[in-house]
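A.B. asks: Sequence:
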Amino acid sequence: MQTEQLPFYIGHYRATARLGSGGMGVVYLATDERLNRRVAIKKLLRNPNSGTAGERIRREALLLAQLNHSNIVQLYDVVESENGIALVMEYVDGSNLHRWQRERSPDLPRKLQILKQICAGLSRAHSAGIIHRDLKAENILVDSEGTIKITDFGIAKDLQEDSDLTREQHVAGSWGAMSPEQAQGQPLDNRSDLFAFGVLAYRLLCGQNPFGDNSSPYVTVDRIVKSPHPPAARVAPELPAALCLLLDKLLAKKPEQRPLNAAEVAAELEAVIHQIQGGSTSFTRTHSITATVTAENFYQQADQRRRWPVRGIVATLAVCALGALAALGISTFSDAPTSGQYIAILQAEMPGGEDDTPSEQNRKLLAGNVRSALKQALAGREGLFLVPHTETRDLQDQPLAVQAKSLNADLLLIPTLDCATRSCELSLELLDSDTLAVVHSNSTRLEIDESLESRARTLHQVDELLPEYPARATAPLTQISAEDYLTYLEIYERRHDALHRGELLDRLDELQAREPGFPPLYELYAEMTIDHEFNSRAADSVERLRKLLQKVPARLEDTPELLITKLYLAIINGQDGPAESLLAQLKLTLPDKTVYHHLKAAYHQSRGDYELSLREINSALKLRTSYNYLVMKALNLSLLGDMPAANEVLQQTIAVNGKAIPAISMLAANMLDTGKPDETIRLLSEAGLDRIGPMDTYNLCLAYYIQKEYNQSQQCFTKVSSLAPKDADPLLYRAEIAREQQQPEKAEELAQQAFELTRERRDWEGLLMQARAYAELGEAEKAVENLISIRRIAPDDLYVNYARAQVYISTGDLLSAKAHIRKTLEQGISPIWYCTARFVKICNMPSFDDLRQQYPGLCAGKEHHQQADESQIARSGETSVNL
0 MQTEQLPFYI GHYRATARLG SGGMGVVYLA TDERLNRRVA IKKLLRNPNS
50 GTAGERIRRE ALLLAQLNHS NIVQLYDVVE SENGIALVME YVDGSNLHRW
100 QRERSPDLPR KLQILKQICA GLSRAHSAGI IHRDLKAENI LVDSEGTIKI
150 TDFGIAKDLQ EDSDLTREQH VAGSWGAMSP EQAQGQPLDN RSDLFAFGVL
200 AYRLLCGQNP FGDNSSPYVT VDRIVKSPHP PAARVAPELP AALCLLLDKL
250 LAKKPEQRPL NAAEVAAELE AVIHQIQGGS TSFTRTHSIT ATVTAENFYQ
300 QADQRRRWPV RGIVATLAVC ALGALAALGI STFSDAPTSG QYIAILQAEM
350 PGGEDDTPSE QNRKLLAGNV RSALKQALAG REGLFLVPHT ETRDLQDQPL
400 AVQAKSLNAD LLLIPTLDCA TRSCELSLEL LDSDTLAVVH SNSTRLEIDE
450 SLESRARTLH QVDELLPEYP ARATAPLTQI SAEDYLTYLE IYERRHDALH
500 RGELLDRLDE LQAREPGFPP LYELYAEMTI DHEFNSRAAD SVERLRKLLQ
550 KVPARLEDTP ELLITKLYLA IINGQDGPAE SLLAQLKLTL PDKTVYHHLK
600 AAYHQSRGDY ELSLREINSA LKLRTSYNYL VMKALNLSLL GDMPAANEVL
650 QQTIAVNGKA IPAISMLAAN MLDTGKPDET IRLLSEAGLD RIGPMDTYNL
700 CLAYYIQKEY NQSQQCFTKV SSLAPKDADP LLYRAEIARE QQQPEKAEEL
750 AQQAFELTRE RRDWEGLLMQ ARAYAELGEA EKAVENLISI RRIAPDDLYV
800 NYARAQVYIS TGDLLSAKAH IRKTLEQGIS PIWYCTARFV KICNMPSFDD
850 LRQQYPGLCA GKEHHQQADE SQIARSGETS VNL
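Residue 242 in numbering that gives the first Met the number 0 sits at position 243 of the sequence shown, and the numbers go up by one each step.
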């Protein structure tokens with residue numbers, strides 16, 4: 000680049016001095032003559048190999064201009080001319096971090112304060128969806144007052160995208176600071192920046208690069224990807240142990256092993272500063288840090304107490320979308336209205352007995368075979384979109400006219416099986432949804448013992464039934480042996496068997512090893528693992544699904560089913576970067592715009608962007624009214640605090656379909672949250688105890704518990720324990736009820752079982768359950784130690800704070816119990832949740848008078864004061880503490 004003679008003008012900016020230069024261009028000191036202020040201007044070379052590089056840089060610069068934060072260099076303007084592009088930025092009177100450290104020799108607290116500031120800047124940028132991609136000491140400026148400014152967000156990557164260096168390695172950034180995933184050209188999220196931050200922090204605190212200073216970038220990258228770094232405690236043993244552990248976590252090879260976000264790192268640094276300065280380490284002080292983490296956390300964790308509304312909608316969305324996407328092929332997504340008709344496959348009518356004889360089991364397998372074949376037959380047909388099978392399943396007992404109205408489809412496909420001993424007659428009727436008139440029909444005979452042949456015949460029958468909707472040629476071919484296909488059908492038939500879910504998934508793993516090219520296998524596996532994780536809190540379910548996806552053949556990786564499964568994993572793991580990349584792919588892949596809006600709504604919801612989620616789901620509803628979409632709309636309204644509007648939507652949904660379990664479940668959960676357990680009991684009981692899942696049963700148990708109907712609650716929680724044997728929560732409630740019913744030995748036995756279930760868990764929820772178990776077992780010190788250990792990693796939500804209150808009231812720490820009771824009440828929990836045996840002691844204590852006055856529903860009624868004297872649990876803790 001040829002340097003222009005000073006002074007000269009760039010727009011209305013007068014450049015007067017050259018500050019530095021690099022591979023991207025030259026940085027000048029200039030004066031904004033309109034505002035009479037000094038600015039720094041980075042004049043960038045126009046990339047001769049990319050005609051669109053300038054436009055990409057301009058768009059990103061405009062995005063960066065929105066970042067108004069004290070720890071980010073402010074971008075003021077972008078000036079484009081025939082000589083190139085110039086970025087006009089805030090001028091920082093100081094030096095970069097590398098030079099600042101060399102000249103100042105700061106002590107450890109000062110270094111940690113600098114690192115905290117960097118985290119604050121990163122948090123702001125990440126919350127806006129911007130990843131730095133080239134974080135290093137040279138891009139950290141320190142001004143004369145010790146304030147740091149991060150510069151060069153994302154510009155280097157855009158500028159170099161088509162450069163020789165990028166073409167050679169397919170990555171951009173500084174070799175010594177890039178994350179393993181960046182070095183390998185994989186999708187990035189905020190944790191890539193955290194790795195680079197770890198390299199920067201390691202150098203600042205330990206005095207050397209964690210991956211050495213080899214002059215060859217290839218050696219450095221090889222170490223970053225493959226070799227463990229020297230543990231910080233070994234290189235700098237003088238550093239606090241907690242700080243060394245944090246550095247090692249930041250430099251983990253896998254993103255999921257690093258901290259969630261920069262705000263969490265800042266909280267860890269603050270704790271170390273308190274430790275160094277002899278500051279308080281009490282629970283109250285550190286808990287306020289947790290609150291800051293949650294506020295800054297752009298991967299906002301959902302409210303875990305109301306497990307159905309938050310986790311269940313995401314899980315059910317993924318299952319519904321997986322079922323719908325079996326009907327979708329490759330098509331260009333446009334802004335034009337969805338062009339096509341919706342078709343719904345009603346549940347197969349199969350006259351026959353309910354016995355469990357081999358012949359009846361074979362007929363059930365054949366019915367499952369037909370359902371699977373029909374879904375495949377309708378996959379990827381031009382101008383035809385399939386309504387998710389979850390919607391049709393929930394309507395199977397309703398009159399045909401009710402089903403047609405509720406499904407809001409254009410066409411209905413009704414399969415009927417009339418079976419003899421060795422074969423069944425399959426009849427297919429295609430109905431117009433408005434008139435219920437038969438448009439087309441045909442039939443064929445299927446041999447019960449010939450699974451693959453029966454599947455082929457079913458596929459052929461659909462081709463004859465729908466000649467005006469030709470199949471796209473891009474659908475993956477289905478290949479599987481007859482024996483393995485029968486295994487698949489057997490597992491498919493038992494997919495809702497919660498008690499044997501682990502065993503069935505093991506069989507699917509074995510089947511995948513033999514038949515990796517069979518697409519329906521992956522859809523079934525995803526449905527089962529998602530359901531397992533949601534209903535049983537099995538910590539290994541998501542990990543099982545992740546491992547399976549690594550084995551998917553390349554030809555299936557970009558199918559909608561697999562893309563949506565990957566999106567589910569990204570959402571559940573809080574990975575914004577991969578999630579947005581997958582959504583971009585799905586936008587180009589999905590012909591049905593409603594599905595895309597539905598998925599995007601789930602993504603925004605997982606990030607806490609409820610307004611954006613509501614906007615997306617309303618867009619889906621404009622194209623097709625679906626009660627799945629209505630339930631998600633109600634959920635967003637609930638999370639936005641508009642519970643009346645949410646419940647109105649749910650009641651309208653139930654009016655259309657009185658057996659719509661998702662709507663009933665959410666309305667029941669809302670009733671429980673707002674202190675109406677009797678309504679929860681009514682709704683779930685009327686829905687049918689045989690039709691609700693483990694989490695709905697769990698909510699029913701809680702409603703009985705709050706109502707003090709302990710016998711029903713104990714029986715109910717026992718059922719949940721049988722359905723979800725790895726969940727410690729129902730065991731802990733059963734222990735509490737047993738203690739209240741003066742069964743101390745049974746209570747201790749149940750609490751011990753809960754502890755054994757969580758003994759090996761190190762995630763925050765497992766440790767929280769351990770704390771509750773310790774409290775039940777009378778080990779107060781261990782219980783509190785667990786709570787302290789998760790204070791910076793557990794979300795600051797109702798579920799966690801209510802559990803903390805449970806632990807503290809049980810251990811006799813009434814000061815901490817009161818603090819967390821107050822916090823949950825402020826967060827919106829109904830006071831009725833504290834009218835229980837465990838908390839009834841607070842009804843007679845003068846130290847809780849202020850809370851009872853502020854929240855009249857707390858201990859409402861004289862019976863609660865009487866129960867405070869009679870409760871076994873209340874007498875088990877201290878009651879004489881004056882707060």
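Among these hints, one or two may not hold up.
In the DSSO-like style, the derived pairs of lysine-lysine whose C-alpha atoms are separated by at most 30 Å in a straight line are [stated by the list, open to error]: (1) Lys550 with Lys745; (2) Lys718 with Lys225; (3) Lys225 with Lys115; (4) Lys781 with Lys248; (5) Lys374 with Lys404; (6) Lys252 with Lys225; (7) Lys404 with Lys363; (8) Lys822 with Lys781; (9) Lys586 with Lys374; (10) Lys252 with Lys546; (11) Lys675 with Lys718; (12) Lys718 with Lys745; (13) Lys404 with Lys586; (14) Lys586 with Lys115; (15) Lys225 with Lys745; (16) Lys675 with Lys725; (17) Lys586 with Lys621.
For each label pair, taking beta carbons as the anchor points, the in silico distance ranges come out as [stated by the list, open to error]: (18) Ala455 with Ala419: 32 to 38 Å; (19) Ala64 with Gly211: 49 to 55 Å; (20) Val78 with Arg614: 31 to 37 Å; (21) Thr420 with Glu744: 53 to 59 Å; (22) Ala553 with Gln276: 43 to 49 Å; (23) Arg98 with Pro724: 58 to 64 Å; (24) Asp689 with Glu424: 53 to 59 Å; (25) Gln360 with Glu744: 22 to 28 Å.
Everything labelled a hint here was simulated from the structure, so no lab data went into it.
In this text, a Cβ means the ideal position worked out from N, Cα and C, and glycines have one as well.
A.B. asks: Against the structure, test the hints numbered earlier, and report the numbers of the ones violated in rising order.
C.D. replies: 1, 2, 14, 15, 18, 19, 22, 24 and 25
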